[in-house]
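6 protein chains.
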Amino acid sequence: MRPSKRQNDELRAISFERGVSKHAEGSCLVKFGDTHVLCTASLEERVPGWMRNSGKGWVTAEYGMLPRSTGDRMRREASSGKQGGRTLEIQRLIGRSLRAVVDLEALGEVQITVDCDVIQADGGTRTAAITGGWVALYDCLRWMETRQMITLSKVLKDHVAAISCGLHEGKAVLDLDYLEDSSAQTDANFVLTGKGGIVEIQGTAEGEPFSEEQFAELLGLARKGVNKLVSLQQMAVA
Amino acid sequence: MRPSKRQNDELRAISFERGVSKHAEGSCLVKFGDTHVLCTASLEERVPGWMRNSGKGWVTAEYGMLPRSTGDRMRREASSGKQGGRTLEIQRLIGRSLRAVVDLEALGEVQITVDCDVIQADGGTRTAAITGGWVALYDCLRWMETRQMITLSKVLKDHVAAISCGLHEGKAVLDLDYLEDSSAQTDANFVLTGKGGIVEIQGTAEGEPFSEEQFAELLGLARKGVNKLVSLQQMAVA
Amino acid sequence: MRPSKRQNDELRAISFERGVSKHAEGSCLVKFGDTHVLCTASLEERVPGWMRNSGKGWVTAEYGMLPRSTGDRMRREASSGKQGGRTLEIQRLIGRSLRAVVDLEALGEVQITVDCDVIQADGGTRTAAITGGWVALYDCLRWMETRQMITLSKVLKDHVAAISCGLHEGKAVLDLDYLEDSSAQTDANFVLTGKGGIVEIQGTAEGEPFSEEQFAELLGLARKGVNKLVSLQQMAVA
Amino acid sequence: MRPSKRQNDELRAISFERGVSKHAEGSCLVKFGDTHVLCTASLEERVPGWMRNSGKGWVTAEYGMLPRSTGDRMRREASSGKQGGRTLEIQRLIGRSLRAVVDLEALGEVQITVDCDVIQADGGTRTAAITGGWVALYDCLRWMETRQMITLSKVLKDHVAAISCGLHEGKAVLDLDYLEDSSAQTDANFVLTGKGGIVEIQGTAEGEPFSEEQFAELLGLARKGVNKLVSLQQMAVA
Amino acid sequence: MRPSKRQNDELRAISFERGVSKHAEGSCLVKFGDTHVLCTASLEERVPGWMRNSGKGWVTAEYGMLPRSTGDRMRREASSGKQGGRTLEIQRLIGRSLRAVVDLEALGEVQITVDCDVIQADGGTRTAAITGGWVALYDCLRWMETRQMITLSKVLKDHVAAISCGLHEGKAVLDLDYLEDSSAQTDANFVLTGKGGIVEIQGTAEGEPFSEEQFAELLGLARKGVNKLVSLQQMAVA
Amino acid sequence: MRPSKRQNDELRAISFERGVSKHAEGSCLVKFGDTHVLCTASLEERVPGWMRNSGKGWVTAEYGMLPRSTGDRMRREASSGKQGGRTLEIQRLIGRSLRAVVDLEALGEVQITVDCDVIQADGGTRTAAITGGWVALYDCLRWMETRQMITLSKVLKDHVAAISCGLHEGKAVLDLDYLEDSSAQTDANFVLTGKGGIVEIQGTAEGEPFSEEQFAELLGLARKGVNKLVSLQQMAVA
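Residue numbers (full-length UniProt numbering), protein chains in the order written: chain A, 1 to 238; chain B, 1 to 238; chain C, 1 to 238; chain D, 1 to 238; chain E, 1 to 238; chain F, 1 to 238.
Think of the hints as simulated: they come from the structure by calculation, not from any bench. Honestly, I wouldn't trust all of these hints.
For chains that are exact copies, the list does not tell them apart, and a pair is met inside one copy or across any two.
As the list claims (entries may be wrong) - Taking lysine-lysine and the DSS-like style, the derived pairs with C-alpha atoms no more than 27 Å apart in a straight line are: (1) K56 to K82; (2) K5 to K22; (3) K82 to K5; (4) K171 to K82; (5) K31 to K56; (6) K224 to K5; (7) K56 to K195; (8) K171 to K157; (9) K82 to K154; (10) K31 to K195; (11) K228 to K157; (12) K195 to K5; (13) K5 to K56; (14) K82 to K157; (15) K22 to K195.
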């Protein structure tokens, strides 16, 4: 039995609340159970220096955690003077994942920054951030379409969503919360598109190495979970 | 007429939502109109080095803004590598304001950090942070009382709340939103206690210097506003 | 009786020494008793990026303390790798205060930086810096007038000076030195113009909150003190 | 045909040169073709603060690139004042990979830091670093065994090695060099143990998402490559 | 003819003003012509970590320039977030020079920090800092002797002073000011003791390399200059 | 007898290995006994901002030590967030030394950066870096000549090489290794040209001050050593 009493292939309660920011072109408060991430998509005219005059746009992401989003208060990264390795790693992952479904030429020479700020953490913040970040990005692109800056369907090629899986007491389980994550032997994050393509796979053995069969089982669960998440995204933006 | 259509002595819609964080000992999402600040109070066993073995506790505050809490996206302070002068100034003010109503000896040798993170900004973020921060602090102290660590009534001596006032087109007005703030000639922040004592006054002439009479008028308005805020705090924690 | 044996409304010995820097366009060593601040005004052709091509100039200030300007040696900010919150707060205050009496359009598209470096500290460094900074700024503008770059009387609209007041053993006293400041219940800084307008007010209750009446008394003292400082500025630049 | 003219399942020329450092307890210059990484393992008495008095040891890694290890000179991280996200990500991966085959209790309360410095880069620096880092670690542990500090066979549980695979013009290929990496649609890194267990999997679609079948093919190639690398490690330390 | 009209072996007007700081245990405002450096010596109970419980003390130095001590305003190092290479190089030199004449065992386990802050620069700031720093150090040690903490004559073994020499239009000249320094082909700094021993020599060819003969000539001039400086130190502390 | 058993005027085994970097325009692995420094010369089109449109080029150097190049592992400067004073001092010295033999006008408006990374340290890293840096620079200039960008003989005016000397047990000795350096009373570094001109002299008394005669003896040894080094450079690039 999982600590969360969920079935092995059962997601936590998932919700997307759109339009939560008065200022951002697109925004979404995404909840994976007790993990709450505020995603905003901000449109800016300028692109990074190395892209200037390329005719192409850029989608990037930043990630942060509020100091008391966690069980023990963490030091504020702005006060410690730098972003930690975990933060940088996660925001690079979010950026790559979102760019995988965007046609940067069709976007034109603008930059969209998706900020993912963890209001409350209970495991799976990066997967919630990618999944909710897609919704914020969608709304930002719709905002642009309304102003005849782009054609949404040409820029956004597909859905993208992410989920974690892990081996918990030898069983493959879906969408780990903090308690499960802490005791899992293996922790993997999968980023997949709506059409089923794989964008990113990250699997780590916390203790014992894992086998190919176990990994295949995790991937199977992830596919199931992402299909569900994509349906929920579709309902959210419908 | 004010841009916000409010009477000169009229606050924005104020609300306090308590218990918004699963992890923090005390928390409050405070709204002054479209200004939304998430305040969490975190209890820690250790005090700053210079207080060790003094038998006294410490209350401190940190302040931050989400990058897209504002009309234009701001650079994330964690990524720029330091907190700006405005941030440091505001978090020092919040800390001093809360300590003004706390008996640090009665608190005992622990530290409470009140994090005030601006989710959405529309003027008056520091006054909302102080006013909501008090509620988070109250709940943290109640959490401690429940565990027989302190006697709440001995530690927390009074309410404290803050409001901004300004001269807008020559008239003294209460609780400026961003639009009013941008065009005000004078901007002042007042921190007062429930019993009416003054904790902090900060007044700045943006353009023309102001007169003693004008300043007295601002202070009168502030007193009225803080009385209202204190009543709302009382209702919120009742 | 005040620790300094002064009357409650008595300033310390005040002096301005002009032309103390061989290089700076304007300079002044200001002394408020044992508080000595070296102020230099430096003219530069370039303005901050956000002002370029606006036709307007800028006046800004920087503040620093020599490591052994204080009773115990402080860590050098250059070596600790950042300016502290107090430093940033003070230099922002000095800049705002000086800009309050300058017509930035009449100045033309140049920048004047007023550096205020505390050679020896004994309380009231920020008020000495503003008061002496005005003299350095005056001399810099006169330097420019001599070279037919501006008309001094059009650029510099008024005097500006600052003084601290506080409640010491229940009595309102003027121009606190370090010893008085350390034991004051309330500490306030006032920045006023030659014509009597208020530019900045900052009042903080160190212990007990203070009342409106007490604050009015402090303001009364400040007005008296600033009038005296302005006369001394006039004599200095005559 | 691959740009490198190699067979799809062919590694580059691999070599391990041990004992290249006069000072380090263990060291290895590893070459994967033109990718050269200098790995040193340094023994220190002290462990990180959070491990003190746990009786357990720690193995950690740091990664760096010489400024002209790459085609264009990169800015020196020491001079830019921080390690980039890629650097932090890679050194965390190396550390996790090595710890996966170490019994930290059997090691005792010491720390081993494996520094992996890229002397020349031609793709696959992180996989070379893990594979050569294992050899440096082995020699450091042997150094300790000689001094009767540990029993090597109890501390080091298995080999660990890493290899990259990718999809190049639709074909799965092993051990990508820089040129192949730049044009690959998908890039994956696999860290496996001598017994065949999976320690880490990281797969990223650079352009089009990839399929489960393609991923399985990459994993198959990686297994083949790691088996070869482990044999070479065995010969190197024999 | 030198730009300064001085004879080739002629120092600028040198003066030492002692006791210029109300707070520091020793202080000296040293002037080499228009180069003015404020030196303070601060006594602290704690020594650097690596010296603890050695029974020996430490003498160290820090160096800084006020932003407008120079012809063009320099960026404040505290604001740029780090001390430049030149600053670090100079403060290391000052520290080494002063330690060369101090018996650290006789000093006992305390630290003296000599801060050298350039109020006005006109060439030769490092030589003025060393020469005036010795006077501040002397006064600090005398302060300690008065309190029976040390025996001055046992701690301070000798005088130390420094001077620059250079090749200007082919001629060896003593004590270069800024103008001479800018056009010198070779610039050398010499640190010598009262007894004539050499503590530090730093010579740099700015343009053409120099010969052994030229260098000997510079050293001869330096010896003459330092003898004069040591006499002036003796008179200053008499 | 020296710890190294060498004659007082005997260099360690010196070698230059050219072309060790696949990417750099010029490169050299220089060995002074157990001190190994990898020098690469990188050509870039852009010059520093203050040189733009001057028609002149620039030669600069950077210096670093691998963390375990030393007996005890040093902290990585990239991870500590800044380059130490010693690093900055050394890289400034290398840059000045190389520029002393380059005609920057004949070079044209490009920048050459010579990176000197210490792979293994055993004393004298800066002298090895300068001596080997010259070889890397030579090869970079030859690379440019081959592409008809410059005339090598016009740009590179002479050889430059460096050596340390010291007083060890009262005797002047040449080319100190780490052990000798640690126990030397005086340590001096000399940078000389092929024609015998002096470019840089740095002499420091570690304990007792030294005399003029001793210094002359050190300089004599250095001249002998540099002559040998220049012959070896000539053979290396022949």
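Results of checking the hints against the structure:
Proximity of K56 to K82 under the C-alpha cut-off of 27 Å is found in neither arrangement, the shortest distances being 30 Å within a copy and 29 Å between copies. For the identical chains of this complex, K5 and K22 are inter-copy neighbours only, at 19 Å across copies versus 38 Å inside a copy, given an alpha-carbon limit of 27 Å. Taking the closest pair of Cα atoms, K82 and K5 never come within 27 Å of each other, the shortest separation being 38 Å inside a single copy and 43 Å across copies. Within a single copy, K171 and K82 get their C-alpha atoms no closer than 38 Å, and across copies no closer than 41 Å, so neither meets the 27 Å cut-off.
Taking CA atoms no more than 27 Å apart as the test, K31 paired with K56 passes in neither setting, with 32 Å inside one copy and 38 Å between copies. For the homomeric pair K224 and K5, the shortest alpha-carbon distance inside one copy (19 Å) is at most 27 Å, but the shortest distance between copies (40 Å) is not. In this assembly of identical chains, K56 and K195 lie within 27 Å of each other by CA distance solely inside one copy; the values are 25 Å within and 47 Å between copies. In this homomeric assembly, K171 and K157 come within 27 Å of each other (Cα to Cα) only across copies, at 24 Å, whereas the closest approach inside a single copy is 35 Å.
Proximity of K82 and K154 under a CA criterion of 27 Å is satisfied in neither setting, with 37 Å inside one chain copy and 39 Å between copies. For a Cα distance limit of 27 Å, the shortest separation of K31 from K195 inside one copy, 23 Å, qualifies, whereas the shortest one across copies, 40 Å, does not. For a Cα distance limit of 27 Å, the shortest separation of K228 from K157 inside one copy, 19 Å, qualifies, whereas the shortest one across copies, 40 Å, does not. Taking the shortest alpha-carbon separations for K195 and K5, neither the intra-copy value of 31 Å nor the inter-copy value of 34 Å comes in at or below 27 Å.
Taking CA atoms no more than 27 Å apart as the test, K5 paired with K56 passes in neither setting, with 47 Å inside one copy and 34 Å between copies. In this assembly of identical chains, the alpha carbons of K82 and K157 never lie at most 27 Å apart, being 35 Å within a copy and 36 Å across copies at closest. Proximity of K22 to K195 under the C-alpha cut-off of 27 Å is found in neither arrangement, the shortest distances being 32 Å within a copy and 36 Å between copies.
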